[in-house]
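> Sequences are here, hints too, so could you generate the full structure?
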Amino acid sequence: MTDPVPEQANAGDPPLLEARDIVKRFTGVLALDRVTLSLRPGEVHALVGENGAGKSTLIKVITGVHRPDEGEVRLAGRTAGFADPLDAQRAGVQAVHQEIGLVPDLSVARNLLLGREPRRALGLIDTRRMHQTAARTLESYGVRVDVRLPLRSLGVGAQQMVALARAVSVDARVVIMDEPTSSLEPREVETLFGVIDRLRGQGIAVIYVSHRLDELYRICDGVTVLRDGRVVHQGALADLDRLRLVSLMLGRDVAQVRSEGVTRFSGAHEASGRPVLEASGLTSRHLLDDVSLTIRPREVVGLGGLLGAGRTETAKAIAGVLPLDAGGVTVAGLPVRRGSATAAVRAGIALLPEDRKAEGIVPTLSVRDNIALAALPRLARAGVVSDARIDRIVETFMKRLRIKATGPHQPVAELSGGNQQKVLLARWLATEPKVLLLDEPTRGIDVGAKAEVQALVDELAEAGLAVLLISSDLEELVEGSDRVVVLRGGAVVGELTGDELTEEGVMTTIAAHTRENAG
Amino acid sequence: MTTEQATADTPVTQDAYAPSRRDRTFGLIQRHGATAVLVLLLLVGSLSFARFPTGENLGDIAITSSFPAMVALGMTFVIITGGIDLSVGSVFALGGVLAAYAVRWGTVAGLLVPLAVCGVVGLVQGLLIARVRLAPFIVTLAGLLGARGLLLSISHEGATTYLIPHGTVLARLGQGHLFGLGYPVYLTLVLFVIGGVVLQRTGFGQAVYAIGGAEDAAALMGVPVARTKVVVYVLSGMLAGLSGALNAARLSSGVTILGTGMELDVIAAVVIGGTLLTGGAGSVSGTIAGVLLLGVIQNLINQIGDLSSSYQQVVSGAFLAVVVVAQTYLSRARRL
Amino acid sequence: AKSEKDQQTGGGGAQAGQVVQTPTGSAPSCTIDKFGAAKFDPKSSVIGFSQSEKEANPFRIAETASIKAEAKQEGIANLRTTNGQSQFSKQISDVQQLIAQGAKALVIAPLNSDGWEPVLQQASAKHIPIITIDRKINATACKDYVTFIGSDFYEQGRRAADQMIKALGGKGKVAILLGASGNNVTTERTGGFKDEIAKKAPGIQITFEQTGDFAREKGQQVTEQMIQSHPDVNAIYAENDEMALGAVTALKGAGKKAGDIKIVSVDGTRNAVSQIVSGWIYAVVESNPRFGPLAFQTLSKFLNGEPIPDKVIISDREYDSSNAKQSVASAY
Amino acid sequence: MSDTAVALPRPAGARTLAWLQNYGVYAAIAALIVVNIVITPHFISTENLRTQLVQVAPVVIVSLGMALVIGTEGVDLSVGSVMALATALIPLYLGYGVGAAILVALVGGVAVGLVNGSLVAFVNVQPIVATLCLFVGGRGLALVIAGGRLKDVHDTTLLDLGSSSLVGIPLPVVVAAVLTVLVAGVVRRTTFGRQLVAIGGNRTASVLSGLPVRRVLLLVYVLSGLLAAVAGVLATARLQASDPSSLGLLMELSAITAVVVGGTPLTGGRVRVLGTVAGALLIQLVRATLIKHNLPDSVAQMVQAVIILAAVYAARGGTGR
Ligand SMILES: Nc1ncnc2c1ncn2[C@@H]1O[C@H](COP(=O)(O)OP(=O)(O)OP(=O)(O)O)[C@@H](O)[C@H]1O
Ligand SMILES: Nc1ncnc2c1ncn2[C@@H]1O[C@H](COP(=O)(O)OP(=O)(O)OP(=O)(O)O)[C@@H](O)[C@H]1O
Ligand SMILES: [Mg+2]
Ligand SMILES: [Mg+2]
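Sequence lines, in order, name chains W, Z, S and L.
Just so you know, we're using the numbering used here here: the first sequence kicks off at 1 and counts up by one.
Just so you know, we're using the numbering used here here: the second sequence kicks off at 1001 and counts up by one.
Just so you know, we're using the numbering used here here: the third sequence kicks off at 2001 and counts up by one.
Just so you know, we're using the numbering used here here: the fourth sequence kicks off at 3001 and counts up by one.
The hints are simulated quantities; they were obtained by calculation from the structure and are not laboratory data.
There could be a bad hint or two in this list.
[Claimed, not checked] Stretches of chain W that chain Z covers, calculated by requiring three or more beta carbons in the stretch to come under 8 angstroms of a beta carbon on chain Z:
#1 77-86
#2 102-108
#3 123-135
#4 340-348
[Unchecked claim] List of simulated lysine-lysine pairs, DSS-like, C-alpha gap at most 27 angstroms:
#5 S:Lys2252 x L:Lys3151
#6 L:Lys3151 x S:Lys2325
#7 L:Lys3151 x S:Lys2256
#8 S:Lys2257 x L:Lys3151
#9 L:Lys3151 x S:Lys2068
#10 S:Lys2218 x L:Lys3151
Ideal Cβ positions, reconstructed from N, Cα and C, are used throughout, including at glycine.
Put into structure tokens, the structure is as follows:
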């Protein structure tokens, strides 16, 4: 392994990493079109663009996952051309990929240390030391778990932290982070920024991909804006203001972007009537403790809390997929059969899961079939589906959500993350639900699409839906919700409405209870 | 490590994340469900049949199970990577025929030739699976046919059975006893211990699990996916060949009709042992329990005595169902 | 070419029992003392019978039934039977288990001739007499086992060839439906047939040989393919009756008439013999499965101290148009 | 930017490549037919065509059910035993008429499917071991029912099912064709069909989407059992005998191979009905070619291995692991 570059970076240094005229085609898609990018030691470089712009693809080319069709990758002035990720890692190029890229069934410790486990005599793995090292490392990232548990038992956010810790804790010269914060809490984000600052100090170059613009401005030096696989802007981030950046990404002019504001929530809807959703006393051992909440039509209720607070579990419990020890759910006054997702869907409950890949998309199916999936019974007569009706609904939603695909028959696995998210949203909207449970709905979605999704949530609420919004993006949570219920350790610890409903308010509620119970 | 100092002011989480005792017991049973069922079955067998718990009978079960066990060891590795090896039955038979054929050049040849040839069979399969990216099921199905074809051509369409002469070291290896147990039993135990250590305590073992758990992620984490897969199939081929060779030594001859249908028994044993066919999870201790379970079931059916062959099959299928259901219930993972 | 002697050996009734061929190998010489076993009373002892294949074809059904019936008749209360289900490893462990269960004598229908080493070792350590039926074990008689009772498969092949030569008048093209690959029976029935044809009828060519796995369906399918690729074949030698019957179905399906293609097979099942009557099959060489009487008779002789020959070859009958009609009832 | 879904164009070259990957099995069949026309005497004849189609019909029917099961990321090892069970049941009930006998045989298949399906859907047993139980026990049961014996079948109506033709097409082939169309229709046009591939593609997502996962799984195994029973009935009619000891032996391997060669990945989430039929045809052609050329078993097995690999290689990309 190579040693990290020790000295501080300065402008005169040669580029540490360079991508030159990279072209990458997939069957039918030109994902990268002569993309050039160069990084100096100690530079934190933002890579931004709409969903499907080619960010992840560029990263995969740099780390040897994909072979470029044209162009070359150079490391410290020499042609690198990594054959595979292992090759890249040996040369000191580490990446945290967008879809986490860990092995869910392996234990946390093994995931963290895979390939560099502490050894004993005979080269055998020293399990005890491995667990200690892992626990210690993770604790420094604010994650305290039993590292012997399989990774899958952690929430997405904690998994993300494990992936980060893994990438950063080896000798690296370049660290690439593809949307590392998409499911992190403010607190974890701070931890992460601390880490990045340290990397910068050690002369390590960082490529940082995120759809959260304020993060970019806080830590990035340079920026590359991609649109449809082409570089549309490159330079220092400080030279670009936010509006200009967004307009570059979206390819729209500044004036138009300005008129659209930060979040697209209008807050125009007014909750009314009897609650559609009433969840009472939801209890599941170790996970949920007597959680009750109600949502009225035209109301957006936010769920706040730290990672592992039980927000996802609450949503899953309502959707009938989490085995419950006690408690129940009614929709429009009618009880929903417990532990049956089918019954919940039929009652009008829709859950947009947080883990898109594992719980959302069906990768073998087309965009069309993915969209139609949950609504099939409605689109069929006597069990025979009507292609015409499906086509109509699919077309409607592909337009309405502006899903970027070669067509309805493109395999959904080929779409960019953001577009996959839109497909899932379309799947649920097609069922015409009464209650919409959104678990991190804008996770990994670009600014344009994010605004669209937010507007859509607004619009849906206005149209009479009851919405439960789970988001790690506090701004989104506060702006989007009429009311925020705060969870901790699987129990409700507070509720904020009206004037209390501010980012600070939510933070204090969480923090108060955390401190209170920490001892 | 480049991260030294931590931002560890207040930890985000509480001790709720430490597993409860219940969870840990649960995990223990989950990992050893097959063993639990095996113990149960041994108890039932001992109580029901006086002739069952004798040293001689148990010794018979041990030696009879040792050959499929070796094969199952290789299969465990294969299945944990998310693959499957249907060729093992044919390769097992091929190993035996080769050993009997090659023993004319000495015991070493009698062991090395089958190991080498069967290893090559595994290598070819592994390359086709890992490099050419063909489906393991199909590749090893072709291997099943190919290895059987090879065996038939060596033995003149099965007309010639090569013998392993009495008194050769090879024959003694297969037939010798120590404390009432055949040598192959000890060898099997040693192989399983090594297999367990390799799987749990080496980088290779970690790679095997990682590939089965999420192949793409494993590749992203820098696991040498293709190489590991190739090695796993070579291992499976060699273990099947070794098992066949030792079995031939025990039988003193390279019997040509062995091994048909063996692949399903072995796969069943591995899966009953708690290894997931989808890959990523499993253990060699489970596998040995699985193999013994099948052996004990067979033995118990014979203890019953006078069943016609058809009833034997029915009973054996029913037994299997009970065992499989029991094992599944015991090791049921919590979903979602 | 019949060397039949009317020495009925028990069983009797309408069903034809086995007939010992004369001369029966070398002179009887194996005694219980020479073998080294101790005397015991079979009626009160555990006797083990290990069958090789499922009782799912007429031969195995008749064989097992005959053993069981005879044991009952002899008053043997403790007959333990196992079935190897066509898996050789299983049969080996079956027999070991019989030994562990205290069997005093073993009757074995081996699935394979080789590979009996562990069983023979265990048995000889306990001086358990073994009688193998229908297939030989490749080992030393009167040392590793007492004796073998059964047909001579090679001879069956030769006799089938003789029938074939008669059917074709010494000239023509023959297809062989082989038994399962790697099986001793297949090997010997093929060897005997081919050797005899080569020796006696150079005018007969064997132009096609494919395995039918001893099963009717496979025999039918292979024959269907053969009819089209080798339309000039005049005769079929099927290594068991089931494949012959499959061939008959195939020929019927292809619009052939009875006797267009001569079929000779081995086994002597009732179905096959009745097809001789209807003209579809030319001749069948019998392989008599009723081993019970002969096996237990041999065992009791042995236990009485009488000398036993190292092999008891039974004389199988032949069925053709001359005797098929009267014999259908006595076929198995 | 307009308000339409953004359509990205796909070049023609990519389409050809994708076609070849998806339809390699058809290319392999075509190649094999050409080779046979050149090297095999009497290959092009209606009799030969008939023989191949009639022989492959039961395999096709079983493979259809297998394709559905594999689509859900499962596998059904018990199909051969179901055929044995069906064939064993027929002679018992022929006395009540052909219809009754066939009905009972089919019910037998459904019963096996229910057991398999329950184990998989409700007990969560891995499909390969769940169906292994009846793979072992089913044939035993068939033999018990049949008293271990092969029985000749003389009922002319039943025999007609195996040997008569409809406008020149043998009846078993007609049945297989009709069932193919039906199954293709189920996969393409019904809720059930869409749901089963979704379950195979991502079971968790299917649960979360509210699909009746268990019901669908149960039904899939029932269909597989039913189709195997149909194949058992046809095979009985053609063999003119009920032979539970050997009917359908190794059928599970043939069927799985047909399905996989036809482009359905064992990892589930996709079902190729026509590909499956083509896969069965390909295997049939390979076997026929080897038999017709009278190759010894050793060579035949090795050649078969190579051809299967070649076919899958050609269809690579369509198959998963
Ligand atoms: N394996 C693949 N096969 C075919 N097309 C692909 C593949 N991977 C990516 N693409 C296509 O390449 C383009 C770029 O995708 P990429 O994942 O790089 O986008 P991204 O910028 O990372 O988007 P997001 O912000 O949503 O993650 C998209 O149009 C996508 O559909
Ligand atoms: N930071 C962490 N440290 C330790 N364990 C964690 C952490 N985050 C999550 N977990 C584990 O993951 C499980 C699920 O947490 P998870 O993300 O996802 O719950 P959640 O409250 O729904 O979170 P989110 O609000 O992010 O959806 C928790 O029960 C806990 O065991
Ligand atoms: Mg991306
Ligand atoms: Mg969550």
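> Against the structure, test the hints numbered earlier, and report the numbers of the ones violated in rising order.
4
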